[in-house]
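K.L.:
Residue-level listing of the chains:
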Amino acid sequence: MSLVQVASLRESRPLTGDRPDRSTLAAQLRRALVAGANTGGGWGYYPGKTSRIEPTCWALLALAATSDEPGDVWRSSADVHLQFLARSQRSDGLLLDLPPVPNLGFNGLAALVCQQLRGSAADALLARLVPALVRIKGISVKNTPNPSDALQGWPWIEETFSWVEPTALCLLALKRSRRAASGPETDARVQEAEHVLLARSCATGGWNYGNASVYGQDLRPYVPTTALGLMALADRRADPVVIRGLEFLRNNQLNERSGMALALTALCLRIHGLPCDEVEHALTDDLARVHRLNNLHIIAMVLYALSGERHGVAAFAL
Amino acid sequence: MAWQPSHSSGRHAVTKDHRQSTRLSRRAFLATLPLTAAVAACRQRPYRRDDFTLPDRSPMAILPAPGYDVDLADVIYRGLELLRPPVAGRRVFLKPNIVEYESGTAINTDPLMVAGAAAAFLKAGALEVVVGEGPGHRRDVEYLLAGTGLDEVLTDHRLRFIDLNHDDVVRVPLRSRFTGLDELWLPVELVRSDFIVSMPKLKTHHWVAMTASLKNFFGVVPGAVYGWPKNILHVRGIEQSILDIVATVKPAFTIVDAIVAMEGDGPIMGKPRPMGFVAMGTDLVAVDATCARIIGLDPLKMPYLKVASEYLGNLAERRIEQRGENPSRYATQFDVLEPFKNRRLA
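These protein sequence lines are chains A and B, in that order. Following the working numbering, the numbering of the first sequence begins with 69 at its first residue and continues without gaps. Following the working numbering, the numbering of the second sequence begins with 765 at its first residue and continues without gaps.
There could be a bad hint or two in this list.
[Said to hold, decoys possible] The following residues of chain B were derived to be distant from chain A, with all beta-carbon distances above 10 angstroms:
#1 846
#2 855
#3 932
#4 1065
[Unchecked claim] Where chain B lies over chain A, by a calculated footprint (3+ residues, C-beta under 8 angstroms):
#5 90-96
#6 99-111
Read the hints as simulated data drawn from the structure, not as lab findings. Cβ coordinates follow ideal geometry from the N, Cα and C atoms, glycine included.
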């Protein structure tokens, strides 16, 4: 797909036809999230489970973006959940929900959510979290057939290799943090993390979870990883890697039928100014399964994606 | 699959840039060695011998099942009758191997096997049957459940699914410490189960030659805690991790899906190989050793199986009691990657 083709897609009209009432579906999702919150603050992955960083972040993001309450009322009700995140913050700035080690991908997500929510609690958390993200990096493996192994993005957990998802989330968080303040260390981390993503693009476009090839064999790209990679590189739309990635995503946008894959795809397409009606339609078609599995993290992602027109995916926009 | 780094063998300079001088403890150093070298370097085994008792004999059963369209509940129930595991009144946890979805492949335990096992255990008196998995590199469990058809099976049979990557976790001291780790944080629903059943697909494996009942337990380590693809286990050694997890989780039974197995570049990119049997048993080492022999591999040449036979189960044929079909009926030679050709039976 050429730049011109991508541009023409951005201008194309949304599909029309019968669709479920989006506001009714969103209200159901909101109710599920509100009901699934833990009274002490935060959300677990499933109702009744211990609060965790990832579902809490997505739930806060989705509820904030779809709240009709005045800002101060919403902020007041969200405070107990932000306090859960604050309690999870260690002295080194990283958030840890359960032992033994922080999940760096979720720390990147937490930074993005706090950047979006703002307020004193979120800002206090960010003040120590962002420097921690700048400081942490994946290990560098040298002298392998693949030079990108030496590049350092972010691993899921410290002292392991860099992966596409945590790298994309932390890269996005650092890029957005540069709006407030930047510095040479942050700039260097952003630059190297971009190199990680650009170097690991699959031959067919898009991203696998890690490398583009292993043992000389090209690996296949996946939809959720590609969507996240493209969101983190949304400010490099003319790069051939981004263009090829978008082509892969457009061609496969309905091939991975799950709340996570479809929600991330819809968010990514919207960020890139591309039509996402078909994807959102598929999301509404599959909502019964999402509700049945009752993963609050996914429910929140779906709610945020289905309300994209309202909030413009501001939390991930560059 | 996207394991990193992309090297295929040999040692590489691994730096952490700002922390290059990090010193390894002796235990952590041993965990970085291949299992055979680590074992050779150990003056004593990293487990208490008194904690493990090898059975004198390990009964197992191989049952014919030419396709997934046979009555698998009946096949598995007949296996349970031959082996009489103590399931009455127990909460049974089925752990299938769900890795990746690709139409027309033999990557995953067939969902119909899960349905059959659930029905068979309930008929045998189990109090409850739940199904749990924590896919190793794909985070998107909903996609895997939907794609593989397991979601439909769970719904039709009203089976509860435990997402092991995202369940609450509890600290569990390791009963053996080949990884150099003292403990793992494991899913509470798994730890609280009182009869854990491995339900692997029989496949060749590009790192450890073969994956079946034992290797299947990689999937119980929670990704949300340890990252994907269960990074800590790869850093600490795959074979070491297999041993420590199985020693700690103490699975009670295994049911191997070898109706259509996988050969060649497994566990994902290999080719389907129809074999037409189900292997079952209470001793996972014995069942895996038998499966290895059936596909033409020498279990003694697979380091994790050899070490497992010292404390987790029986590997020697004379200690394995076949109560179903004679395994020789299915004996063949699987295609394996070049590095594993020397692991074939003489």
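K.L.:
Could you run down the list of hints and mark each one as holding or not?
P.N.:
Tested hints:
{"no.": "1", "hint": "846", "verdict": "holds (36 angstroms)"}
{"no.": "2", "hint": "855", "verdict": "holds (18 angstroms)"}
{"no.": "3", "hint": "932", "verdict": "violated (5 angstroms)"}
{"no.": "4", "hint": "1065", "verdict": "holds (21 angstroms)"}
{"no.": "5", "hint": "90-96", "verdict": "violated (count 0)"}
{"no.": "6", "hint": "99-111", "verdict": "violated (count 0)"}
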